[in-house]
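Dock chain B against the given chain A, drawing on the hints supplied.
Protein sequence lines correspond, in order, to chains A and B.
Taken in order, the first sequence gives residues 6 to 117; the numbers are from our numbering.
Taken in order, the second sequence gives residues 650 to 764; the numbers are from our numbering.
The set of hints was computed from the structure by calculation and includes no laboratory data.
The beta carbon of each residue, even a glycine, is placed where N, CA and C say it ideally should be.
Be aware that one or more of the hints could be misleading.
Said to hold, decoys possible - Here are the simulated distance ranges between beta carbons: (1) Ser733/B to Leu60/A: 41 to 47 Å; (2) Asp23/A to Thr726/B: 43 to 49 Å; (3) Gln19/A to Arg731/B: 40 to 46 Å.
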Amino acid sequence: GQQLNQSPQSMFIQEGEDVSMNCTSSSIFNTWLWYKQDPGEGPVLLIALYKAGELTSNGRLTAQFGITRKDSFLNISASIPSDVGIYFCAGRSLGANSKLTFGKGITLSVRP
Amino acid sequence: EADIYQTPRYLVIGTGKKITLECSQTMGHDKMYWYQQDPGMELHLIHYSYGVNSTEKGDLSSESTVSRIRTEHFPLTLESARPSHTSQYLCASSDPGRDLTEKLFFGSGTQLSVL
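Chain A on its own, in the form it takes in the complex (with noise of 0.2 Å):
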């Protein structure tokens, strides 16, 4: 089936500073999206992408759809201790009843 990377599981970042996760599959995805998951909570949405090279900001989170269709990329910029959580990116190929696949996500630390 299909399947999305991503890496690494864990990343450790100084509070301020920018961080960039990407997302990768060997299939070509027509919808890219990228949820937080806070600990003891259900995962939110924070960006959706619908065309190749879509560039997409919310904040201070921008995130951009690959060209090949096979990838795509988080940034945050400004950490802050709430950005703490895990990062799950989630694709879907075209097809009206398709469903998500997620990636098992990155759990990204802020020190202060």
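The following block gives chain B in isolation, referenced to the frame of chain A:
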């Protein structure tokens, strides 16, 4: 934004018990989903529904069952819980949006522990 609620948030039960995890959404979404999540792993789809009286099994085999009698309600049932069922269960619903730009909204999850 979708309002989607799961109860209970935490459940600790003994082996062999029957349990039902509740999920309700108030936005009138037709599509609803159940995912299973273990630490450090991706979300695995175990059940989904595209409307009332429609239920399908997901990519990950599960001994649980679901029902969809009302649009807003999508409960998940385990007839006889086992320690291997210990996991986080996440319910979601989706808003198709314009041009089929479907987005998935999640509940807070139920952390199930079977002793």
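Ser733/B versus Leu60/A beta-carbon gap, inside 41 to 47 Å or not: 43 Å, holds
Assessment of proposed distance window 43 to 49 Å (beta carbons of Asp23/A, Thr726/B): 46 Å, holds
Cβ distance range 40 to 46 Å for Gln19/A and Arg731/B, holds or violated: Check passed, 44 Å falls within 40 to 46 Å.
Hint check: no violations occur; every hint is consistent with the structure.
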